[in-house]
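2 protein chains.
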Amino acid sequence: MFVGVDLGGTHLRTALVDAAGSLRHLRKVPTDIASGAKTTALRLISECQTQVRMAREAGERVLAVGLGVAGKVDRNQGKVIFSPNLLALNGYPLARELQHALEIPVILENDANLFGVGENWVGAGRGLSNWVGVTLGTGVGGCLIFDGRLWTGDDLGFAGEIGHMVITPDGPPCVCGLRGCLEAHASGRALMEGIAAAVASGSLISGRLHDLWQSGWLTPAAVYESALAGDPLARGLFRQLGWALGLALAGVFSVLGIGHAVVGGGVSAAWDQFIEPLQASLAAHSSMLDRKDAVVLRGQLGDHAALLGAARLAALEASTPS
Amino acid sequence: MFVGVDLGGTHLRTALVDAAGSLRHLRKVPTDIASGAKTTALRLISECQTQVRMAREAGERVLAVGLGVAGKVDRNQGKVIFSPNLLALNGYPLARELQHALEIPVILENDANLFGVGENWVGAGRGLSNWVGVTLGTGVGGCLIFDGRLWTGDDLGFAGEIGHMVITPDGPPCVCGLRGCLEAHASGRALMEGIAAAVASGSLISGRLHDLWQSGWLTPAAVYESALAGDPLARGLFRQLGWALGLALAGVFSVLGIGHAVVGGGVSAAWDQFIEPLQASLAAHSSMLDRKDAVVLRGQLGDHAALLGAARLAALEASTPS
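Line by line, the protein sequences are chains A and B. Heads up: the first sequence begins at 1 in the working numbering, then just goes up one per residue. Heads up: the second sequence begins at 1 in the working numbering, then just goes up one per residue.
Keep in mind the hints are simulated off the structure, nothing from the lab. It is possible that some hints are incorrect.
For chains that are exact copies, the list does not tell them apart, and a pair is met inside one copy or across any two.
What the hints assert, rightly or not - Calculated lysine-lysine pairs in the BS3-like style (CA-CA distance at most 27 Å, straight line): (1) K38 <-> K72; (2) K28 <-> K79; (3) K292 <-> K72; (4) K292 <-> K79.
Keep in mind the model is a prediction, meaning the values are calculated, not measured.
So that you can see chain A by itself, here it is in the shape it has in the complex (with noise of 0.2 Å):
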């Protein structure tokens, strides 16, 4: 058995999963980095001696622990290096501490990472050879699959980030302090921003979103709700989120000369309201590849691909004599 951690800005969430790629005894804490590193990374080591002892109890053993954390890592050192969503964490040897206190092998990885090995292993990218992941939630993380292995390039504590990747050069300004990365276009917080935007320029003085806007209960599910009930606002947002993934997309496999991608994260669930944009836009900006050899795909596994993914990475490190 494997234990895979997946430690986000919110819940810390951990998972038992075994060698075939099930699932089990799922526990999801909150993640209370304004109790700082210390308090974090002593509940993580609580939580994960809970899911050892619990594979104990049933007789199992547990081989090895996959941390994701989101962020940029150091997996030989086994710290963070830095985390937009986790600042306390910054510098933080979190995999070392946790493999001192557990006694067992810690593998670190970028959560995003972690999607691409999950989604490899048994989900939407099992049997590609070559494809790029892309995970929308609060901002936009991102992975590469190369022969159906993960690419961690030279080693420089990333790989993948396409939310990074400008897009726009005089676009909007991105958390990251660059201006019109994909992540700026493309996530949770673009959508946030949009209706903020309309709020400010008058555009928006009223009805639903409006008020979520005001009370501060604004959320991208809310934000696709109203996309759904048909809110024309809502559904430009969708749609010019749609178009700056295909355009980064379309950028990517011109570049790696693939086609594939698997788009997950929470924000994909609003599917429906970006995908035609997003293909139209991939198709409007790539002049190598032939309309019938790009394939974007959702990925399968939900809020459980990066744990799957941290268990696999766990299992393929624990295998491989260093």
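Following the hints, put chain B in place on chain A, whose structure we already have.
This is chain B only, laid out in the frame that chain A set:
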């Protein structure tokens, strides 16, 4: 011995290359594509037969031929799919005919990919695991070297096509039919069009560049000479080229998690005019990559990169049982 061939829009070049990467008997004749595909094919066969004969006279045997063509190619079928600069060759089974005539295996590949194989073998990319190559000529070609080998993606007939990555969605038209491709900003053609636009707008009404443009003798090399002499328009065009290339490389580095590029092609002779704006743009458009990890190298093999790469690929394929 191996024969390397570089079939461009203007010249057909061939050479004998030994296993150590030494180039002998370089021959260069006009491609003369205006006379049609058949004439070009016959000339290609004749040039290669000459090389085979010269090898034989030196007591050597040619084991395989590597054939580089600018454009999208079908390696397995040995034919050119689409070549913007050699339109008459579209769909032509060039490599198959050459192989039939010579009775020696012929490997067909895109010329920018062969630039990559050559620089990887005995040039600027030697010893680097992962890098992106860019050839700045009339157009912009590109290639990817992953784990020290040429990346061919899903074998769709192209890979590494950074030239047709859209970097400004509302940008200038590209010959490929899109708008705002890197090639539309950062190629020999873009430099010439920058001069043409200045004439059209009335901002360039006299001087050397104006006169060259008017007489039809304007070349990218002339724009470079003017930039060296301090001409502000020419300097600005090279700054724009560097800006565009830095922007595109930043996106590729972010997506791939790598930090090395090798830039070659005829227009790279103007290195001193664009490398500083390129590096500034690369840093300004990167949020994941540390500045110290971004390295842009100049190709070392000049005009011979693709010829050497063609021979090398032929050697690699000849030694691989299929």
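request  = At 27 Å max between alpha carbons, let me know whether K28 reaches K79 within a copy, between copies, both or neither.
outcome  = within (22 Å within a copy, 56 Å between copies)
request  = First find the shortest C-alpha distance between K292 and K72 inside one copy, then the shortest across copies, and answer within, between, both or neither for a cut-off of 27 Å.
outcome  = between (35 Å within a copy, 16 Å between copies)
ask   = With identical chains treated as interchangeable, where does the CA-CA distance between K292 and K79 reach 27 Å or less: within a copy, between copies, both, or neither?
value = between (42 Å within a copy, 20 Å between copies)
ask   = Between the shortest in-copy and the shortest cross-copy C-alpha distance, which are at most 27 Å for K38 and K72: within, between, both, or neither?
value = The answer is within: 19 Å in one copy meets 27 Å, while 55 Å across copies does not.
Of the numbered hints given earlier, the model fails none.
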